[in-house]
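S.K.: The chain contents come next:
There are 2 protein chains.
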Amino acid sequence: MFATVMYGPGDVRCEQVDDPKILKPTDAIIKLSATCICGSDLWPYRGLQPTDGPAHMGHEYCGIVVEVGSEVRTVRPGQFVVGSFCLSDNTCPHCKFGFHSSCIQREFMTGAQAPYARVPLADGTLVATAEVPEKHLVPHLLATSDVLGTGWYAADAANVRPGSTVAVVGDGAVGLMGVLAAKEMGAERIIAMSRHKSRQELAREFGATDIVAERGGAGIERVKELTRGVGADSVLECVGTQESMTQAIDSVRPGGSIGYVGVPHGVTFDGQAMFFAQRRMLGGPAPVRRFLPDLMDRVLKGRIKPGKVFDLTLPLADVAEGYRAMDERRAIKTMLTV
Amino acid sequence: MFATVMYGPGDVRCEQVDDPKILKPTDAIIKLSATCICGSDLWPYRGLQPTDGPAHMGHEYCGIVVEVGSEVRTVRPGQFVVGSFCLSDNTCPHCKFGFHSSCIQREFMTGAQAPYARVPLADGTLVATAEVPEKHLVPHLLATSDVLGTGWYAADAANVRPGSTVAVVGDGAVGLMGVLAAKEMGAERIIAMSRHKSRQELAREFGATDIVAERGGAGIERVKELTRGVGADSVLECVGTQESMTQAIDSVRPGGSIGYVGVPHGVTFDGQAMFFAQRRMLGGPAPVRRFLPDLMDRVLKGRIKPGKVFDLTLPLADVAEGYRAMDERRAIKTMLTV
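Residue numbers (this note's numbering), protein chains in the order written: chain P, 1 to 338; chain Y, 1 to 338.
These aren't lab readings, by the way, just hints derived from the structure by calculation. Be careful, since some hints might not be right.
As the list makes no split between identical chains, a pair holds if one copy fits it or if it spans any two.
In silico DSS-like pairs for lysine-lysine, Cα to Cα no more than 30 angstroms straight-line [as the list claims (entries may be wrong)]: (1) K96 with K183; (2) K96 with K224; (3) K308 with K197; (4) K96 with K135; (5) K24 with K197.
Generate the whole structure from the sequences, applying the supplied hints.
M.R.: Structure below.
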């Protein structure tokens, strides 16, 4: 098959690779219904994360099961499934505690920017729908696999509650999904920090009540103004830089919570400053599996349309252009048809 | 009156000072029923925190109101009161959110190691009992002012719930109060990390089910063993050094919570390490005022005896020996009679 291989920074190709095979009795092979490019794929693409040799890319996926290993019990060929970018057994103590992304057997999905993919730990990872969904639902279901699940976790970790005042730092796809999640969780006020018109509009569509275009100190001041000097109850940090983390910490009220889902690059916290600031912090790779049945249900019922975050759709053969468009911020998120 | 003045590291004296006076219409003057020395008083005593000139010491207090300013409404002369070491108005948005220690008008109490003390923001800070309590209850009520309130906050911030497995890092007075708090909150298993026999015994009396005497990597391993490799649901960090913070972070399970109440000295967190570790963190000066009515009620009902943490009682005139005994770890906590 033809699939996506990253050779190094800026060098992504669609080229012939071996078809995936069952390697362990707990594996499944799926035929992708659609796949996409993640913001986190841009870290190595931009040379900000070391890579060692050509890598099969892609960790967001949904599709039809075509083959399962001998020990797989919960899914079978012909079913439509979605899985998390974190592969987990769903039975270990960490999974049972709701933190599947710290599963004792955790692996990270790879090779999903392709027509077929191997999913390890299939029983624990994959969630099947009752029927094969209509085609128009596929982008929305695909979004639950990572980008929505991650935005949802940011809101969950930031303790968003009915009536909360929430600020979202970062207007990338995850930040926009954070807005949607906060809205679904009943937040009364959702302040999206964004200075790009198209992203501001999407944020409003997903539920943002206020837009703050300023950054840095001015952005913090604006959030304070909008909250009568108090700060937000919850802040979703969806970038991962020191600047965005500072923005998050200084925008939340004492005793408020920060959910941080942008992988921190070069970020440190000073213990004494955090102590006196009294911010509750929880971050990490999202335990999407915990939320997946609920998120898929919301999509299937037509309650949410997270797939709107895909503002560019390309055939897999044009994956290199998909990366370029996201790198240059011409696209929020690229869906790939296979 | 004779009161406690710290001139510099290691130099604490009981000497003649001016009697406290009402300076603002929101002040009260109280006659102390008893007072005590805090673990945090040892930071400047040990030269680990800069001081500028002689300082009137003491921030844990209970006693009888003798005078109030013209605007004080909620307490009156003759009443027995307890207040937090953090002075707060109890009306601002941060107080209403339960974070009195970030009150917009916050001040820190001082000058309470004395027969009389001035309490600013009396209405917001002081909680009166219905009647003047019997003398034997005074040490327990005094403890609610800071040491118990701080241990309680550690358990609250660490999200202790009925059935939780809790580890407490630090066997100082606050750590021991953290054990008591976890017990009261219904923790099933409470692992106290302590290598001092007398403190281990007190920890057991307060509700510890397990004692871990090892420190560093060995201590972490022991907590892991006791929790079947999982880690504790909640860890109370009651020291404030990098070593104790590392112990806390590595002893808690992914998705678990750390409440840190030891003022961090030289502690930093690496953002990416915290991200992948998935620890929920909340620290700060304890919002004791939030808990005070409940804690005083538990004491008055005889349900808890936090005053057992005072293992040395001295007259105020011997305050210097009280500091020495705590500095040399001959005493857990010194109560001063006035």
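S.K.: Next, verify each hint and record whether it holds.
M.R.: Structure-based check of each hint:
In the homo-oligomer, the alpha carbons of K96 and K183 lie at most 30 angstroms apart both inside one protomer (27 angstroms) and across protomers (24 angstroms), since each shortest distance falls under that limit. When the C-alpha separation of K96 and K224 is checked against a cutoff of 30 angstroms, the pair qualifies only between copies, where the shortest distance is 17 angstroms, while the shortest distance within a copy is 38 angstroms. Taking the shortest alpha-carbon separations for K308 and K197, only the intra-copy value of 16 angstroms comes in at or below 30 angstroms, while the best inter-copy value is 63 angstroms. Taking identical chains as interchangeable, the C-alpha atoms of K96 and K135 are never at most 30 angstroms apart, the minima being 33 angstroms within one chain and 49 angstroms between chains.
Taking identical chains as interchangeable, the C-alpha atoms of K24 and K197 are never at most 30 angstroms apart, the minima being 47 angstroms within one chain and 52 angstroms between chains.
Violated hints for the displayed structure, listed by number in ascending order: 4 and 5.
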